[in-house]
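J.: Spelled out, the chains give:
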Amino acid sequence: MPTDAPILGVTNLTVRYPSFTLGPLSFAIQGGETVALLGANAAGKTTLLRAITGRLRQREGEILVSGREPREAPPAWRARIGFAAEKPQADGALRVREWYAFLADCYPAWDVAYQKDLTSRLGLDAGERIAALSRGTAVKAAYIAAEAYRPDLLVLDEPTNGLDPVVRLDFLGLLGDCFASSPGRALIFSSHLLEDVETLCDRALLLRGGQLVDEIPGQRLSEARATGQLTELVAHVLRVHP
Amino acid sequence: MNSRAFGALFRREVFRGRQRLLACLIAAVVGIVATIVVPEPVAILPAMLSLGAGFFAIFGPIGDLRNDKITGNLEFDRVLPVAHRAIAAARFAGTAVRTTPIVLFAMPIVLATAPNDHIGIFRVLLAVVIGFVSWLVFTALIWALMAVNIRWNLRNLWWVPMTIGFAPQLLISVLPPESKRAIRAAAGKAGDALVALATSPLGGPTILVLLVVTPFAMFFAAVSLYASGLERYTYSESTVQLKSPPPKLELGAIGRGPMLAVAGYCIRLATEQSRRRLVLLAVFVVALLFGSQVMQDYSRLYVRALAAMIPGAIMIQLGAARARGDLEGLQQLPHAAITTAAGHLIAVAVLAVPGAAVWALARYIGGEHLTAGSAVSLLSYVILGSWLAAVGALWLTKWRLLAIVSIGFALLAAWAWYLSTGNVFAALPTMAADLRALRSEAGIALPIALSVTAMLVGLPLFARGLEEYQVTAVTKRNAERWAARRRGVAG
Numbered sequence: 001m002p003t004d005a006p007i008l009g010v011t012n013l014t015v016r017y018p019s020f021t022l023g024p025l026s027f028a029i030q031g032g033e034t035v036a037l038l039g040a041n042a043a044g045k046t047t048l049l050r051a052i053t054g055r056l057r058q059r060e061g062e063i064l065v066s067g068r069e070p071r072e073a074p075p076a077w078r079a080r081i082g083f084a085a086e087k088p089q090a091d092g093a094l095r096v097r098e099w100y101a102f103l104a105d106c107y108p109a110w111d112v113a114y115q116k117d118l119t120s121r122l123g124l125d126a127g128e129r130i131a132a133l134s135r136g137t138a139v140k141a142a143y144i145a146a147e148a149y150r151p152d153l154l155v156l157d158e159p160t161n162g163l164d165p166v167v168r169l170d171f172l173g174l175l176g177d178c179f180a181s182s183p184g185r186a187l188i189f190s191s192h193l194l195e196d197v198e199t200l201c202d203r204a205l206l207l208r209g210g211q212l213v214d215e216i217p218g219q220r221l222s223e224a225r226a227t228g229q230l231t232e233l234v235a236h237v238l239r240v241h242p
Numbered sequence: 001m002n003s004r005a006f007g008a009l010f011r012r013e014v015f016r017g018r019q020r021l022l023a024c025l026i027a028a029v030v031g032i033v034a035t036i037v038v039p040e041p042v043a044i045l046p047a048m049l050s051l052g053a054g055f056f057a058i059f060g061p062i063g064d065l066r067n068d069k070i071t072g073n074l075e076f077d078r079v080l081p082v083a084h085r086a087i088a089a090a091r092f093a094g095t096a097v098r099t100t101p102i103v104l105f106a107m108p109i110v111l112a113t114a115p116n117d118h119i120g121i122f123r124v125l126l127a128v129v130i131g132f133v134s135w136l137v138f139t140a141l142i143w144a145l146m147a148v149n150i151r152w153n154l155r156n157l158w159w160v161p162m163t164i165g166f167a168p169q170l171l172i173s174v175l176p177p178e179s180k181r182a183i184r185a186a187a188g189k190a191g192d193a194l195v196a197l198a199t200s201p202l203g204g205p206t207i208l209v210l211l212v213v214t215p216f217a218m219f220f221a222a223v224s225l226y227a228s229g230l231e232r233y234t235y236s237e238s239t240v241q242l243k244s245p246p247p248k249l250e251l252g253a254i255g256r257g258p259m260l261a262v263a264g265y266c267i268r269l270a271t272e273q274s275r276r277r278l279v280l281l282a283v284f285v286v287a288l289l290f291g292s293q294v295m296q297d298y299s300r301l302y303v304r305a306l307a308a309m310i311p312g313a314i315m316i317q318l319g320a321a322r323a324r325g326d327l328e329g330l331q332q333l334p335h336a337a338i339t340t341a342a343g344h345l346i347a348v349a350v351l352a353v354p355g356a357a358v359w360a361l362a363r364y365i366g367g368e369h370l371t372a373g374s375a376v377s378l379l380s381y382v383i384l385g386s387w388l389a390a391v392g393a394l395w396l397t398k399w400r401l402l403a404i405v406s407i408g409f410a411l412l413a414a415w416a417w418y419l420s421t422g423n424v425f426a427a428l429p430t431m432a433a434d435l436r437a438l439r440s441e442a443g444i445a446l447p448i449a450l451s452v453t454a455m456l457v458g459l460p461l462f463a464r465g466l467e468e469y470q471v472t473a474v475t476k477r478n479a480e481r482w483a484a485r486r487r488g489v490a491g
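Protein chains in written order, with my numbering: chain A, 1 to 242; chain B, 1 to 491.
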């Protein structure tokens, strides 16, 4: 259930590249919300997610995570954000459990029991080298690394990309479980798959050409889901807007 | 050959280095103008500075190939519907264009050393010829290095130059005396024949033909080697070639804090990286202890090089992590960047101990007297070198490197000019003697002071490099560039 305190507040965010500009964008995500970021390729989804997590420094506008601007917050504040891309950000020579042991030393809130629980639920072999992981397994390993310290804001960049349908459903179920019982936390993820949105989201933000063209609120999402119109609704918005 | 594809690949190679090409051309032109304009006694300064900038023209193509290997971009080339030899030829043709500024970089030096302030047409022609020959030689060298790097891996071939040097001696040392005499006589005859050819009327044209033919031969040989390397190339997401099973040694228990965790992470990776090298090191140490004189001479140098590579592994890790984007994982840890920097420094210092110990052993067996002072001095130098290399791998950008090289050249040139009041090259032996005297007089204090200074200066630089880091591979601009290149190749 969403709470009133915004976990993420974005105001007039602009990222400029020579031939592409993201924004200006403004939106907020409350605690307990799970939000999907939808858009075609090159719509700016990854750029937006990287800006939110503080990985993109050259930007304008304001981003507040749990009330503080990540660029100006002390380094410990980074533990309030978890980010998982398509593969773990560690040398491939390490085993997965070695990487987790390293992160456990670095993140004070790292919960080893939780990490082991997630590893077991996702069927991940932590004895594998990172370089030997398949694409889907690498996504899972990266997700656990971002989730095991229960950050306020979890940011996932196309988390279900490369997962087979069964594993994807299990993974989405796990995400739902993790966030259903965490009113003080929020999840934002990018995806091309509307099934992900149907299964998991309270809200969807639609991005096109670097602009936030629409927002599908929870009620409209439920209605469209119930009548099987979700795909049409999203496609309509992404096509129609200039 | 698909000429459109060849053209596209050639353009890609030239375009990716166009900024560096332009910068080098500007530096060369500025160097030439400055050499002519400034008074004769100080003309050597801009000439040396522009020569320093010339190194960038050389390292660009080699650095790009290294990045292509690390990031896996070569896989894209490998599966193109174009013959691998054509891909290699296009890349090397593009490389030759990228190194053209070398033609100009010899000019300022030739002009600056012109006697009596007289720059005649002969001097200019001489500068152009020297520049052209330098371009041929360096370009051929770059082709060879690129081809060897893709086919094998330059990092794994550290043993080749010395082996080429020592192998004949080793072979000769085990032969019976009469065979040795026969080989020496044959070598003497061959040498005499070469001298006779060089001094004959045909000598000049022969050398000229060799100068022109050799780069072409190098080109075709390098193309074959590159194509063969591209055929075999597979991308690995690690600094280590993962052909062996994971080691039993793993990162230790939880609860040591971030600084030690980072140090442990680096040491763990370094041990993995160094496994093969450590076996070789053991072999060389055995050869050093029990081998013949030639074997000892051969092993001594490699023992030192391998010893330096033990802490040097940190630099390799950082370079690969920076190119691949893994560095972001360290950057986003919830701790100050200086903590991560300190973790790396601890790792360097820990790994420097076995490195310096093996190095000291090599010295001891070589007959040098070992004292506690010399051991500490050696350890300090190993830490100094490894730490600077690690900081450089993270903090250096091309502009920072350019600035450091330029300032270094300028300081050296200014010192040489001050000592010589004009004839810079005559001052070089004096400078070397001064440095030796300083090292001898300062004793152990010098390496300790240098390494402590490097640690103090390096920590914030490392932290700054980590904070500033941004993955270039995923920026929009870079993605667009790659997309454009792919479109160019496909079209």
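These are computed hints drawn from the structure, not numbers from a lab. On a predicted model such as this, the values are computed, not experimentally measured, just so you know. Errors might be hidden in some of the hints.
[Said to hold, decoys possible] Listed next, with one range per pair, are the computed distances between beta-carbon atoms:
| # | chain 1 | residue 1 | chain 2 | residue 2 | range |
| --- | --- | --- | --- | --- | --- |
| 1 | A | 19 | B | 228 | 34 to 44 Å |
| 2 | B | 59 | A | 112 | 53 to 63 Å |
| 3 | B | 129 | A | 209 | 36 to 46 Å |
| 4 | B | 368 | A | 68 | 57 to 67 Å |
| 5 | B | 25 | A | 109 | 52 to 62 Å |
| 6 | A | 109 | B | 232 | 28 to 38 Å |
| 7 | B | 207 | A | 19 | 45 to 55 Å |
Ideal Cβ positions, reconstructed from N, Cα and C, are used throughout, including at glycine.
J.: Does each hint fit the structure? Answer for all of them.
T.: Now the hints, each set against the structure:
no. : hint                         : result
1   : A:19 with B:228: 34 to 44 Å  : holds (38 Å)
2   : B:59 with A:112: 53 to 63 Å  : violated (46 Å)
3   : B:129 with A:209: 36 to 46 Å : violated (56 Å)
4   : B:368 with A:68: 57 to 67 Å  : holds (58 Å)
5   : B:25 with A:109: 52 to 62 Å  : holds (54 Å)
6   : A:109 with B:232: 28 to 38 Å : violated (46 Å)
7   : B:207 with A:19: 45 to 55 Å  : holds (52 Å)
Violated hints, in rising order: 2, 3, 6; the structure is consistent with all others.
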